[in-house]
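*Asks:* Letter by letter, the chains look like this.
2 protein chains.
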Amino acid sequence: MKTLNVNLGDRSYPIFIGQDLLDDAQLFSQFATSSASFIVTNTTVEPLYADRLEASLKANGQQVIRIVLPDGESFKTWETLQTIFTGLLESNADRKATIFALGGGVIGDMAGFAAASYMRGIKFVQIPTTLLSQVDSSVGGKTGINHPLGKNMIGAFYQPIAVIIDLKTLLTLPKRELAAGLAEVVKHGAIADHLFLDWIESNAAALNNYDLSCLEHVVVKSCEIKSAVVAQDEKESGVRAHLNFGHTFGHAIETGMGYGEWLHGEAVGCGMAIAAELSVQLGYLSLEDKNRLIRIIQTLHLPTKAPQWDTSKYLSYMSHDKKAESGQIKYIVLEELGQAKVQKVDDDLVISTLKVAGAI
Amino acid sequence: MKTLNVNLGDRSYPIFIGQDLLDDAQLFSQFATSSASFIVTNTTVEPLYADRLEASLKANGQQVIRIVLPDGESFKTWETLQTIFTGLLESNADRKATIFALGGGVIGDMAGFAAASYMRGIKFVQIPTTLLSQVDSSVGGKTGINHPLGKNMIGAFYQPIAVIIDLKTLLTLPKRELAAGLAEVVKHGAIADHLFLDWIESNAAALNNYDLSCLEHVVVKSCEIKSAVVAQDEKESGVRAHLNFGHTFGHAIETGMGYGEWLHGEAVGCGMAIAAELSVQLGYLSLEDKNRLIRIIQTLHLPTKAPQWDTSKYLSYMSHDKKAESGQIKYIVLEELGQAKVQKVDDDLVISTLKVAGAI
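Heads up: the protein sequence lines correspond to chains A and B, in order.
Residues in the first sequence are numbered consecutively from 1, following our numbering.
Residues in the second sequence are numbered consecutively from 1, following our numbering.
If we strip away everything but chain A, and leave its shape as in the complex, we get (with noise of 0.2 angstroms):
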């Protein structure tokens, strides 16, 4: 088993990242509390995990209840997260209460914005299932839901007391999720460290075959790089922004489709090859080096071609970003492979960039 630490001063957490960690009950040990355990799941996962998680949480004398949601992006809205509070009420859940989100990303943010608001909050374990969430949403301290009118646009920041990293998991997960989960592993390489890039270009057919020990390095190297980038700047006011290299263009893509079309990390891997375009055409990245990193990207089965629209249609979803002030938007472009920075850029630029990259 390995450990890293995610250093945000009072708010510190430990992430354990190893093979069977769902069995291990000397790990729970340290979240049993005077009151009771919440596990939040879905309906795919309960069946594969949940016996295991509830097993080794009772071996240190947890009450356990579980709280199981229907699975996909579509439901991460308010609706199910009131049957989270409905679930706490109804067992008269009080403050001592932990929550363990077992399951990918929506369980992740859903069970952490319903651990971060349930009594104006209560303690949290984040038990990410699929690689997206392992190398990705469980670290940082993001939690929320979608609105009918925006992804992820109401939630808190709220970080977890732990995450526990079982690679195991993995063996489960359909192709589809495996690769999406690999797309934010590239964009890891590409903003921060580009020898993380070439090894991802060399053991892509090993991390296709759901090898553990490549896959354990990339878990490994991403929850670094991501924890390195929050300790910096926890609330995105400056450097936390380069993490989302690609998602611009993502969740226009994601909200045009409407969501659950395409999986998160597929509209970012096409996300990624649009913002690679844009970092040429503003002068910084090289062809070729725009060429290799759509070329890694189609590696791992994720799509690089965006889907055609209308002009308005991108830059109407892409306003509604999340980044957006004051109706301007900031791109984050790579100004070399390894090397990410925030940058405004004219719409007149975006567009030819939509253009080069055939999505309009």
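Source of the hints: derived by calculation from the structure; they are not laboratory data.
Remember, it's a predicted structure, so these values are computed and weren't measured experimentally.
One or more of the hints may lead you astray.
Since the list can't tell identical chains apart, any single copy or any two copies may satisfy a pair.
[What the hints assert, rightly or not] Mimicking SDA-like on lysine to any residue, the simulated pairs with C-alpha atoms at most 20 angstroms apart in a straight line are:
{"hint": "1", "residue 1": "Lys313", "residue 2": "Ser91"}
{"hint": "2", "residue 1": "Lys123", "residue 2": "Ala50"}
{"hint": "3", "residue 1": "Lys344", "residue 2": "Arg95"}
{"hint": "4", "residue 1": "Lys96", "residue 2": "Arg240"}
{"hint": "5", "residue 1": "Lys96", "residue 2": "Gly238"}
With chain A held as given, fit chain B onto it using these hints.
*Replies:* For chain B alone, kept in the frame of chain A given last:
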């Protein structure tokens, strides 16, 4: 104009108290941002004060958008909160937008929670227009909404960037709401300052009569007492619990009657009478001091006679209180007038207290 400060490190903020502050465009200049200003108010307060606030903001070049909610505790729900989010999104509110909560405690709690959750947190200014919100709810950062199974169960600790109290707004307050606000004023004296309690006793008639200089005194004193407590214990792990004096019984009464039947302050007035009786039963408070406190509450036209219910109904509503831990309720009792403490109490003694108080 008097200025107090709530000392919370990098979340510190000023409280401005004076007359006609709504028209003080100079005061509002510090809240002019690069983005839009949103006035969140209700259908009762809007026609009274929104124009003046809007003028002061516009004088500083702000674009102003109003979000007008239905009035009343029964609307302190997710559905109403959602209309705030929809209003913000439809006007393309970005992360630099500021919410101005213009109204009583319900508006402040909902607008504050909306500010805490919109894009994971935007700025907000409290402009409380009721006595209850001026002396209590606008200070300290508790925000939230009700859940069908419990009051204030969903929310956040989220501090405003300022509280602006225009005392003259109290002149349009119905007598019943004035009295409800005075309940929290009495509470501040009872838990923290017996000399202030003496002063309230001596000036009860003037307070009942909307005397602005007397009202200024109780607002300033209350904000001082509450800010000092909040500065010591922002998230209620210790001394902040003292502010809940009268609230465990009060919440049970409020919930049992159905939200909105009794005003919050009325339930707290009655709850303080029961909590004082409990303090007597525990051997702390003299019978004389208890009777004096009850007399003060009555002089301010607040109920001190609790509704009569089954024991089980009282205990069940009380056990849903947020202050309960593992089913054990922590009571706030008075060691003497001006001095509170937290105490666990056996159900037997609670039941005999409810009997003596005529509640069961």
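*Asks:* All hints, please: hold or fail.
*Replies:* Evaluation of the provided hints:
1. Lys313 to Ser91: Intra 46 angstroms, inter 18 angstroms, cutoff 20 angstroms: inter-copy only.
2. Lys123 to Ala50: This pair counts as within: shortest intra-copy Cα distance 19 angstroms, inter-copy 39 angstroms.
3. Lys344 to Arg95: between (44 angstroms within a copy, 16 angstroms between copies)
4. Lys96 to Arg240: So Lys96 and Arg240 pass the 20 angstroms test across copies only (17 angstroms; inside, 31 angstroms).
5. Lys96 to Gly238: between (34 angstroms within a copy, 14 angstroms between copies)
Of the hints listed earlier, there is not a single one the structure fails to meet.
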